[in-house]
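Student: Given next are the chains, with one letter for each unit.
Number of protein chains: 2
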Amino acid sequence: MADETNRRPLPATSWAVLGLLSFGEELSGYDLKKRSDRSLRFFYWSPSFSQIYSELKRLERAGYASSRTVAQETGTRDKRVYRITGTGMTAVREWARETPPDPPVLKHGPMLRLWLGHLLEPEQMRELLLQQQEFAEEMRLRAVADKTDAQDGPSQDGPSSAYPALTLKWAERYYASERDLAAAMLEDLEDLEDPAVPPTARGEQP
Amino acid sequence: MADETNRRPLPATSWAVLGLLSFGEELSGYDLKKRSDRSLRFFYWSPSFSQIYSELKRLERAGYASSRTVAQETGTRDKRVYRITGTGMTAVREWARETPPDPPVLKHGPMLRLWLGHLLEPEQMRELLLQQQEFAEEMRLRAVADKTDAQDGPSQDGPSSAYPALTLKWAERYYASERDLAAAMLEDLEDLEDPAVPPTARGEQP
DNA sequence: ACTAACATGTAAAGCGTTACATGATTTA
DNA sequence: TAAATCATGTAACGCTTTACATGTTAGT
Numbered sequence: 001m002a003d004e005t006n007r008r009p010l011p012a013t014s015w016a017v018l019g020l021l022s023f024g025e026e027l028s029g030y031d032l033k034k035r036s037d038r039s040l041r042f043f044y045w046s047p048s049f050s051q052i053y054s055e056l057k058r059l060e061r062a063g064y065a066s067s068r069t070v071a072q073e074t075g076t077r078d079k080r081v082y083r084i085t086g087t088g089m090t091a092v093r094e095w096a097r098e099t100p101p102d103p104p105v106l107k108h109g110p111m112l113r114l115w116l117g118h119l120l121e122p123e124q125m126r127e128l129l130l131q132q133q134e135f136a137e138e139m140r141l142r143a144v145a146d147k148t149d150a151q152d153g154p155s156q157d158g159p160s161s162a163y164p165a166l167t168l169k170w171a172e173r174y175y176a177s178e179r180d181l182a183a184a185m186l187e188d189l190e191d192l193e194d195p196a197v198p199p200t201a202r203g204e205q206p
Numbered sequence: 001m002a003d004e005t006n007r008r009p010l011p012a013t014s015w016a017v018l019g020l021l022s023f024g025e026e027l028s029g030y031d032l033k034k035r036s037d038r039s040l041r042f043f044y045w046s047p048s049f050s051q052i053y054s055e056l057k058r059l060e061r062a063g064y065a066s067s068r069t070v071a072q073e074t075g076t077r078d079k080r081v082y083r084i085t086g087t088g089m090t091a092v093r094e095w096a097r098e099t100p101p102d103p104p105v106l107k108h109g110p111m112l113r114l115w116l117g118h119l120l121e122p123e124q125m126r127e128l129l130l131q132q133q134e135f136a137e138e139m140r141l142r143a144v145a146d147k148t149d150a151q152d153g154p155s156q157d158g159p160s161s162a163y164p165a166l167t168l169k170w171a172e173r174y175y176a177s178e179r180d181l182a183a184a185m186l187e188d189l190e191d192l193e194d195p196a197v198p199p200t201a202r203g204e205q206p
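Just so you know, the protein sequences line up as chains A and B, in that order.
With the numbering used here applied, the first sequence corresponds to residues 1 to 206, in that order.
With the numbering used here applied, the second sequence corresponds to residues 1 to 206, in that order.
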């Protein structure tokens with residue numbers, strides 16, 4: 001039963017978790033965290049285990065998900081699995097359609113350091129940018145891997161995995177760009193430290 | 001005097017605010033919020049007024065900043081202005097040099113909606129992407145404007161504004177890419193909805 | 001037998017926002 | 001003289017993480 005005492009709108013994270021369930025599968029908190037790391041992670045952040053567990057409780061309280069315990073074979077262990085309800089499908093659909101998204105937020109730690117370049121040695125700035133390139137390339141490769149995973153296992157009925165695949169394609173390009181942006185800034189940095197060759201003198205006019 | 005009872009490491013936001021002070025100016029909380037909106041905002045998020053005020057108190061308690069009240073002319077109004085201390089400069093320099101940055105975090109609300117494309121109408125997805133393009137272009141233009149502002153007003157002594165300008169240049173490219181990524185996804189979406197012309201048949205072979 | 005990974009949570013604490021309160025200054 | 005902006009905070013609240021607690025399963 002839905003507990004309708006909570007009239008406050010749910011935070012985006014709740015909808016993200018309910019979104020993971022909206023593909024129709026019955027999943028445990030642990031499963032949801034893994035799915036989250038392979039999808040949400042690339043364009044939204046992936047919530048911690050403990051938050052996923054508490055979001056699931058909230059969703060159940062709201063009537064948007066139902067749970068049951070599953071006992072495995074002979075062991076006494078029981079795991080709790082969640083499934084989206086009809087009410088939940090209606091609610092998440094309405095949220096996705098009607099609630100205008102907040103502007104994207106970027107928290108870019110490395111760029112924060114580079115902004116404080118007057119406190120760093122040039123070598124440290126280069127190091128930061130190289131690490132950033134590596135990170136971006138690694139994320140890009142993971143997005144590619146998860147995209148092919150999602151396409152190879154189209155599973156059964158459920159909704160098409162076309163849109164998740166589309167966002168992973170977006171992520172692939174996003175991290176490629178992130179990688180190239182680091183490379184470009186590396187060049188800008190060299191121009192700055194070597195004023196003998198001003199940037200306008202490179203690659204202009206034959 | 002520094003209150004050394006607090007041994008916990010400061011959160012990144014504290015360093016960001018101290019970073020704003022590390023350029024040497026004496027600034028009020030209000031000033032800092034404005035600076036933040038014109039620099040940090042593009043690659044890190046801009047904290048709220050109330051958080052800036054509480055961060056300033058924490059920085060003063062830690063001995064990293066000092067404040068004094070300034071009375072304007074005849075009015076009884078007094079404003080509090082902050083300046084970084086020597087200890088503060090040392091601390092923020094060490095933080096920037098020694099503390100490895102967390103990986104960049106992106107919270108992309110529009111992409112979260114698009115990932116749930118099976119809950120939306122195609123027209124709504126197009127609308128989301130168009131708004132995203134607009135947003136990205138607006139941010140890009142603001143970064144350009146703030147970059148020229150920063151270069152035109154090199155002010156007096158202080159550290160060079162070269163590194164802030166560099167990060168604004170990065171932001172300019174970042175938001176240009178964000179804009180183009182939305183356009184690319186718009187095309188992918190059309191390919192998806194019109195399977196008569198598969199994507200591989202566009203622009204390949206003569 | 002031991003270790004790593006699986007699995008499910010609770011508790012405490014801090015981060016960060018929104019709403020609220022207050023008052024001065026400037027502009028229309 | 002009314003409204004908008006400048007300016008400085010406090011209080012309440014909720015989001016989110018880290019640390020902790022507990023036990024199972026699978027591999028070596």
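By construction, these hints were calculated from the structure, which means they are not laboratory data.
Possibly wrong hints are sitting among the right ones.
Remember, identical chains collapse to one label, so a pair may be satisfied in a single copy or spanning two.
[Unchecked claim] Cross-link-like lysine to any residue pairs, in silico, SDA-like; alpha carbons within 25 Å at most:
#: 1; residue 1: 169; residue 2: 25
#: 2; residue 1: 107; residue 2: 94
#: 3; residue 1: 107; residue 2: 148
#: 4; residue 1: 169; residue 2: 104
Student: Confirm or reject each hint.
Tutor: Status of each hint after checking the structure:
no. : hint      : verdict
1   : 169 - 25  : within (23 Å within a copy, 45 Å between copies)
2   : 107 - 94  : between (29 Å within a copy, 21 Å between copies)
3   : 107 - 148 : between (28 Å within a copy, 23 Å between copies)
4   : 169 - 104 : both (18 Å within a copy, 19 Å between copies)
The structure agrees with every numbered hint stated previously.
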